[in-house]
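Asker: My request is simple: use the sequences and hints to build the entire structure.
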Amino acid sequence: DTAVSQTPKYLVTQMGNDKSIKCEQNLGHDTMYWYKQDSKKFLKIMFSYNNKELIINETVPNRFSPKSPDKAHLNLHINSLELGDSAVYFCASSQLTGDYGYTFGSGTRLTVV
Amino acid sequence: QKEVEQDPGPLSVPEGAIVSLNCTYSNSAFQYFMWYRQYSRKGPELLMYTYSSGNKEDGRFTAQVDKSSKYISLFIRDSQPSDSATYLCAMTSNTGGFKTIFGAGTRLFVKA
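Just so you know, the protein sequences line up as chains X and P, in that order.
Per this note's numbering, residue 1 is the first one in the first sequence, and the count goes up by one each step.
Per this note's numbering, residue 1001 is the first one in the second sequence, and the count goes up by one each step.
Hints were generated in silico from the structure; no laboratory data involved.
Note that the coordinates shown come from a computational prediction; the quantities given were computed from them, not determined experimentally.
Mixed in with the good hints, there may be bad ones.
[Unchecked claim] In silico lysine to any residue, SDA-like type, Cα no more than 25 Å apart, as pairs:
no.	chain 1	residue 1	chain 2	residue 2
1	X	41	P	1045
2	P	1067	P	1022
3	P	1099	X	39
Answerer: And the structure:
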């Protein structure tokens, strides 16, 4: 199946821990994204990579570090997790600049306790 | 003022009704307009894409863009219970790094 797949689907962890979320797309897209969706369903961009190069870096705490080993993968590492980091994190991909729309993964539900 | 405004609902309609979902925006540089559908505990799925002003139809779905009023709409004809989901508008400009801004989403319930 052609898709954007992210793992894990659920992540429950304690404050202060470090965790990673992985994302892979087999659509041949050039650009990948991380979005955060809060409890009110508001989707906000965090990062965007085009061919392994960072092109969008919103005002996200530097505890969040994206890594793109190749254009099909974009991972998100989070250090020193805080309660406010609890949210659903979506990976997405698109052709070029995304003006024709994105393909989203199914999300990682992160709960920090 | 947010760049994209969307009424979160919820909107409840009987099966077979025509549904109208809307967004307004403030940035006149937006040129690409999209509607996504998101089922509970799933990722958003692209439904419709429109460039600049005009209408686009795909089956029971029609997207309209009025750039002069900075207003976009999604119409769903003959709504079905399976249309129950959150609908998010999204828009992109070709300036500022092609960043896509999403509305907050409207929760739709179609009752059988």
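Asker: Hint by hint, say whether it matches the structure.
Answerer: Against the structure, the hints come out as follows:
no., hint, in the structure
1, 41/X x 1045/P, "holds, 14 Å"
2, 1067/P x 1022/P, "holds, 13 Å"
3, 1099/P x 39/X, "holds, 22 Å"
The structure fails none of the hints (numbered hints given earlier).
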